[in-house]
Amino acid sequence: MVEKIRDCDLTNFDDPVYYNISWMKTLEKADEIIRVTGKIF
Amino acid sequence: MRQLKADVLDDVGTVVNIGGLSNDPTAEYNPKANFEMNTQATQLSAELCKKAGIRRYILASSCSIYDVGVKEEEKDVVIDETMPVAPKAAYSSSKYQAERILLSLMDKDFAPVILRKATIYGFSYRMRYDLVVNTFVKDALTKGYLTPYFGGEMWRPLVDIRDVAKAYIACIEADEAKVKGEIFNVVYRNFRISEVALRVRSALKSAGIAVDIHPDYRYKGSGAIASPAIRSRRGWPSPRRSRSRTPSRTWSRRSATAT
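Protein chains in written order, with this note's numbering: chain A, 3 to 43; chain B, 1284 to 1542.
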């Protein structure tokens, strides 16, 4: 597992994408932005 | 999945519903979304399947349905699919309700199958670091120590992600009569968290990575699950030995390559 984690560059362990709660909060923030701006980028 | 349209089922032979929220913290963080996705969307998709003539529907459920909670140690025994359950937490309740709904929809043309999965571990390209084994590996790499909560006394049923995938495939390919309306636990073994920590530390140590264990004594959920049904009825392949998939061997190969 460690080899694959490193080979696939999944070592940014603070990235919210790897944690359910953090990812939900990130999506909620994105949703709030989209409601105001219509798009993020 | 809350707004599923019928046309997504065009040319579909079997549905495997792995959507929705997937643990207690997320369910309690947003109970409304949890109920909508885990319970209501299961009903919606199952009803659409019936209308589309899709016979087999496999639901990703959870062994958390068996969790008896704090201060219920006398009920904290190894249990299987035949045991009565009464889940109370948002996540486990939503999964149990989905199971009930799905089974109520079963008829001669619709064959639901339910897999109650243990806590999964292992690699994926969309990695999860909030599952106990994966968390230990992450903590070992980032902090150099592991933290088993409640002294690591809790039991946790575990299963490798590759064995879970095999279980889904087995249920897709099985004769309908063998799986229709069945509930299968998908479990490799039950471990105390303290043993998991020791195994991870041992595996990493053999690869030259020093890891300490710093126990904490706060309560976390516990459960011990048996899975005789899926093994006997489906001829499910023998689970992989846990040591063969701990990080040590892959790490050893990487270390050898690097040096």
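If you're looking for bench data, these hints aren't it; they were derived computationally from the structure. Values in this document were obtained by computation on a predicted structure and should not be read as measured data. It is possible that some hints are incorrect.
[Stated by the list, open to error] When the alpha-carbon atoms are kept at most 30 angstroms apart in a straight line, the in silico DSS-like pairs for lysine-lysine are as follows:
hint, chain 1, residue 1, chain 2, residue 2
1, B, K1463, A, K6
2, A, K41, B, K1288
3, A, K27, A, K41
4, B, K1461, B, K1449
5, B, K1426, A, K31
6, B, K1488, A, K6
7, B, K1315, A, K41
8, B, K1371, A, K27
9, A, K27, B, K1463
10, B, K1426, B, K1391
11, B, K1315, A, K31
12, B, K1463, B, K1449
13, A, K31, B, K1288
[Claimed, not checked] So the derived label-pair ranges between C-beta atoms look like this:
hint, chain 1, residue 1, chain 2, residue 2, range
14, B, V1360, A, K31, 17 to 27 angstroms
15, A, L29, B, F1433, 45 to 55 angstroms
16, A, E30, B, V1299, 25 to 35 angstroms
17, B, T1365, A, T39, 17 to 27 angstroms
18, B, S1407, A, L29, 11 to 21 angstroms
By construction, the Cβ of each residue, glycine as well, lies at the ideal position given by its N, Cα and C atoms.
Here is how each hint holds up against the structure:
1. B:K1463 x A:K6: Given pair K1463 (chain B), K6 (chain A) is violated - Cα atoms ~37 angstroms apart, limit 30 angstroms.
2. A:K41 x B:K1288: Judged against 30 angstroms, a Cα distance of about 24 angstroms means the pair holds.
3. A:K27 x A:K41: At roughly 18 angstroms apart (the allowed maximum being 30 angstroms), K41 (chain A) and K27 (chain A) satisfy the hint.
4. B:K1461 x B:K1449: Within the cut-off at roughly 16 angstroms; holds.
5. B:K1426 x A:K31: Between K1426 (chain B) and K31 (chain A) the Cα gap is close to 29 angstroms, so the pair holds against 30 angstroms.
6. B:K1488 x A:K6: holds (18 angstroms)
7. B:K1315 x A:K41: holds (25 angstroms)
8. B:K1371 x A:K27: OK: K1371 (chain B) and K27 (chain A) at ~25 angstroms, within 30 angstroms.
9. A:K27 x B:K1463: Since the Cα atoms of K27 (chain A) and K1463 (chain B) sit roughly 38 angstroms apart, the hinted pair is violated (cutoff 30 angstroms).
10. B:K1426 x B:K1391: Violated, at about 55 angstroms.
11. B:K1315 x A:K31: Distance ~17 angstroms between K1315 (chain B) and K31 (chain A) Cα, so the pair holds.
12. B:K1463 x B:K1449: Holds. K1463 (chain B) to K1449 (chain B) sits at ~18 angstroms (cutoff 30 angstroms).
13. A:K31 x B:K1288: holds (27 angstroms)
14. B:V1360 x A:K31: 17 to 27 angstroms: Because 43 angstroms falls outside the window, the suggested range is violated.
15. A:L29 x B:F1433: 45 to 55 angstroms: violated (31 angstroms)
16. A:E30 x B:V1299: 25 to 35 angstroms: holds (27 angstroms)
17. B:T1365 x A:T39: 17 to 27 angstroms: violated (54 angstroms)
18. B:S1407 x A:L29: 11 to 21 angstroms: holds (19 angstroms)
Of the numbered hints given earlier, the model fails hints 1, 9, 10, 14, 15, 17; all others are met.
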